[in-house]
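Protein chains: 2
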Amino acid sequence: MQNPSDRATVKHVPERASYDRGTIDSILDEGLICHVAFETDTGPVAIPTIHARVGDVLYFHGSHASRMMRSTVGSDVCITVTIVDGIVAARSAFHHSLNYRSVMVFGRPRVVSDPDERTAAFAAITNHVLPGRWGEVRQPDEKEDKGTKLLAIVIDEASAKTRSGPPVDDEGDVDLGIWAGEIPLTMRAGVPIPVTGLEAGLELPDSVRRISSRS
Amino acid sequence: MQNPSDRATVKHVPERASYDRGTIDSILDEGLICHVAFETDTGPVAIPTIHARVGDVLYFHGSHASRMMRSTVGSDVCITVTIVDGIVAARSAFHHSLNYRSVMVFGRPRVVSDPDERTAAFAAITNHVLPGRWGEVRQPDEKEDKGTKLLAIVIDEASAKTRSGPPVDDEGDVDLGIWAGEIPLTMRAGVPIPVTGLEAGLELPDSVRRISSRS
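From first to last, the protein sequence lines are chains X and L.
Residues in the first sequence are numbered from 0 upward in steps of one, following numbering that gives the first Met the number 0.
Residues in the second sequence are numbered from 0 upward in steps of one, following numbering that gives the first Met the number 0.
Just so you know, these hints were derived from the structure itself, not from any lab.
Identical copies look the same in the list; a pair holds intra-copy or inter-copy alike.
Here are the computed lysine to aspartate or glutamate pairs in the DMTMM-like style, where the Cα-Cα straight-line distance is at most 25 Å:
(1) 10 <-> 75
(2) 10 <-> 155
(3) 10 <-> 38
(4) 145 <-> 172
(5) 10 <-> 143
(6) 142 <-> 113
(7) 148 <-> 168
(8) 10 <-> 168
(9) 148 <-> 75
(10) 148 <-> 135
Model the full assembly from the supplied sequences, consistent with the hints where possible.
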């Protein structure tokens with residue numbers, strides 16, 4: 000994105016900003032959830048939901064009855080994805096911080112009705128939560144498809160903001176005898192819990208095995 | 000909260016909602032960051048930031064220059080804290096989900112100028128990120144205090160929404176021979192990385208030791 004719009008331009012601490020699509024896409028893909036901010040009669044709201052990216056398009060979905068799905072079609076939204084990477088422990092309280100990577104995408108969502116685009120987006124959303132899962136499960140039938148509203152927003156107005164690395168202390172604090180450094184934080188998958196009554200003899204599927212062995 | 004306001008009432012899947020202050024507070028306290036949604040001339044924005052709770056008040060802070068800190072004073076905001084607890088893997092794509100706990104707090108932030116309230120809030124914010132850290136570090140001097148804008152919002156219009164437990168599959172899918180279950184997700188602290196040039200002989204402080212040994 001060579002010329003970010005005004006609202007997509009990071010105003011505060013601009014040296015932490017990036018408009019590089021590779022950076023933006025990698026954060027959108029790794030972040031498990033997003034927060035969708037939209038306006039209502041009683042003020043702004045930010046609701047967590049699952050998203051997925053396919054090329055230049057970000058998708059999110061929900062029931063037709065959901066307020067978020069009704070309020071955001073054709074209206075300005077901000078979709079924010081944030082990954083926390085670590086705690087930044089400085090010698091002074093003031094310089095404490097978090098390491099993070101975040102992306103904000105601005106635009107007006109459209110309803111997706113094309114069957115092929117819907118299938119591709121549903122596959123992407125399922126695989127976003129659990130890579131490879133779409134091919135392992137029963138795919139949506141007509142009733143489920145009809146019951147699901149799918150929204151899309153083009154990623155053409157977006158910015159990333161990140162912090163990484165150690166704390167930056169004031170010179171006068173360096174000799175105070177206070178420990179300073181980073182504490183990395185990672186999301187880890189625990190031991191999978193099969194549903195009660197799972198058919199006997201079923202092995203862990205590849206998708207679940209992969210995510211569990213990453214930890 | 001006996002009588003939640005209209006905007007604080009969970010409309011969609013209300014059986015996942017709670018207005019219990021104990022539930023709300025525990026999510027606010029455990030969630031490392033929040034997203035602050037506010038309105039701007041070019042539409043809504045959701046920005047991630049660090050928060051902390053002291054009793055009935057939620058605090059967040061930033062530089063006087065930050066757009067978020069300028070735009071939110073006296074204006075309607077929604078502060079959302081979301082903790083992802085696990086992946087819900089069903090036999091059908093449709094019934095995939097995440098287990099999560101989230102809270103939305105609505106209100107109009109006020110600027111905090113009382114010195115004692117400011118100190119208590121700064122301590123809470125530092126300890127929110129790293130419990131016990133405030134007592135280990137150099138506390139804010141006059142310049143740092145002057146440079147920090149502190150906002151407060153009373154937690155009197157809030158709701159929690161949570162999902163937990165196994166996937167709920169359609170009866171017809173139970174015998175498809177597809178594995179189903181939960182994959183728990185947890186945020187884990189890795190090995191602390193001391194800053195380059197840390198004074199020799201400094202041991203890990205209690206705050207860092209505690210968070211690292213929890214993993």
